[in-house]
Amino acid sequence: MCGKAKTGSGKTLAFGLPVLANLVKAVPCRPTALALVPTRELAVQVCDELDPLARAAGRRVTAIYGGAKIEAQRKELLDGVDFVVATPGRLIDLLQQGDLKLDAVTVVIVDEADRMADMGFLPQVEWLLRHIPGGHQTLLFSATLDGVVDSLIKRYQHDPVMHEVQSETVTVDRMVHHFFKVHQLDKTKVAAAVARHVGRTIMFTRTKFGADRLARDLKAEGIDAAAIHGDLRQNHREAALADFGSGKLAVMVATDVAARGLHIDDVDVVIHFDPPEDHKTYLHRSGRTARAGESGIVATLVLWDQELEVKRMMKRVGIEQNMVDLFSNDKRLVDLAAWDPKA
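Numbering (our numbering), first residue to last: 1 to 343.
These aren't lab readings, by the way, just hints derived from the structure by calculation.
Some hints could be false.
Stated by the list, open to error - Pair by pair, the computed Cβ-Cβ distance ranges are: (1) Asp150 x Asp340: 37 to 43 Å; (2) Asn22 x Glu221: 51 to 57 Å; (3) Lys331 x Ile70: 49 to 55 Å; (4) Lys75 x Ala343: 58 to 64 Å.
Yeah, the Cβ is synthetic: ideal placement off N, Cα and C, and Gly gets one too.
With these hints in hand, go ahead and build the complete structure from the sequences.
Following this line, the structure appears as structure tokens:
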């Protein structure tokens, strides 16, 4: 089966429920179901979502990912796990060290295949698929089904049934988009002014260093903020995500990779502190605030030398509106929800 679905469309339960309902109980180190995901945050999230369902069915699910102690993961496998949710790199490590075998796997799920491709993980995914004996079912989910993802489908799926859930343009139409032309020295203050008057906010930067610096500068402006990216210890990342999810933390600053696939409800505003590199990234980022049919507010901060780049991106996404010159003392930032950018 092949599913075209954006993040937040409920695909975890769509594959998790039928898999768990039909899953054969595993023996130690030989799971019977495997889900491959691009990031450790997504591995933890999918595992947490499936865990109560697995327990109800008398099955065990665990997350396997890099950045955590491999000894603890070995023990989980030895104790017997039926459903493994894993990032490709750590799973290959365990396979090559003899801590895991895939000969009992009856169903494989490749989740977020398009992001796997963007992050350069498809060679690892293909290596794993080649090392799983025949006779299993392969499910693939992706926001797009072209290019290398299409090649993966043709190579490892046989006459797949295709399902599609809600197109990207529907999500874009449910967002209110703001494009603010700002000065470099006033940029952080603009971001702080927006966050100060709304609820939960996710801000995106292009680099890990930029995420750390922005979180630090926001704190200096009196905003509770934390950064998440690949260089943070896993326990720090999980603590920040938990605080943000519970509402204890007002702002999460994230890189694209760290935020991919995160399911956090009720995000009021997404701020592209650094404009995205392409229109697909704009959609992925902005989708944090327009999940499962909900509406949301998206603001992009644009420096003078980024205007042409952002205008090209807007055209690709299908957004036709003007950029607004803005300073951090603009009174309209007090109630961004009431500001109609097309008025």
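Task: Earlier hints that do not hold, by number - done: Going through the list in order, the structure violates no hint and respects every one.
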